[in-house]
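**Q** Chains as they are written, first to last, in the numbering used here: chain V, 1 to 117; chain X, 1 to 115.
Bear in mind the hints are in silico, worked out from the structure with no lab data behind them.
Each residue gets a CB set at the ideal place from its N, CA and C atoms; glycine is no exception.
Honestly, I wouldn't trust all of these hints.
Some chain V residues near chain X, calculated using beta-carbon distances under 8 Å [stated by the list, open to error]: (1) 40; (2) 42; (3) 43; (4) 48; (5) 92; (6) 108.
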Amino acid sequence: SQQGEEDPQALSIQEGENATMNCSYKTSINNLQWYRQNSGRGLVHLILIRSNEREKHSGRLRVTLDTSKKSSSLLITASRAADTASYFCATRSYTNAGGTSYGKLTFGQGTILTVHP
Amino acid sequence: DTEVTQTPKHLVMGMTNKKSLKCEQHMGHRAMYWYKQKAKKPPELMFVYSYEKLSINESVPSRFSPECPNSSLLNLHLHALQPEDSALYLCASSQEGQSGANVLTFGAGSRLTVL
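Input sequences plus hints: build the corresponding full structure.
**A** In structure tokens:
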């Protein structure tokens, strides 16, 4: 089943405003990560938060995690036109294959962020 | 070197063709991944190789055949594909271990069109 449902599906803001994206998931996780994808390109890792952490910062990014609600949010402060991209949350969980446990990263549906200059 | 390199960037093939997508990394990462991404959708995991052994196959049709010749290379062999297989195919790598965080470094992708 698909982990990580995000909202909003699309977000349009003006430069300088803050952008908040939310992610919900269904099963136990080891960590939750956020990735960014410019149109038609590969994904770039932004930030990781472990299941025992509640908040993390990196530059203009702030991510929170509420494991009791199985949800996370990504806040981008003072947005820039260059922040225009799709943002995906990804949850890391374990899957068993042949009796061995492997980490597996599953992506949410994503939020398309447009920042207008 | 902190890159994952994918070739070709674009590939057009007929349903009877046999082609391959290639992926290379020199970061010493021990896990490599193939993801498939359709337009406006998230990447979907296809295969995971850990220490050069196939560890996860997400019930991918046999017309997709992965190969990991060594720890730096990952191939995806394509045969008898269908038009619905047209997508962006993303390769990624990560440092792997049971306690690994699975932080992925992605390539730029190979855009596949099946006619």
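**Q** Run every hint past the structure and note whether it holds.
**A** Evaluated hints:
no.	hint	result
1	40	holds, 7 Å
2	42	holds, 4 Å
3	43	holds, 5 Å
4	48	holds, 6 Å
5	92	holds, 5 Å
6	108	holds, 6 Å
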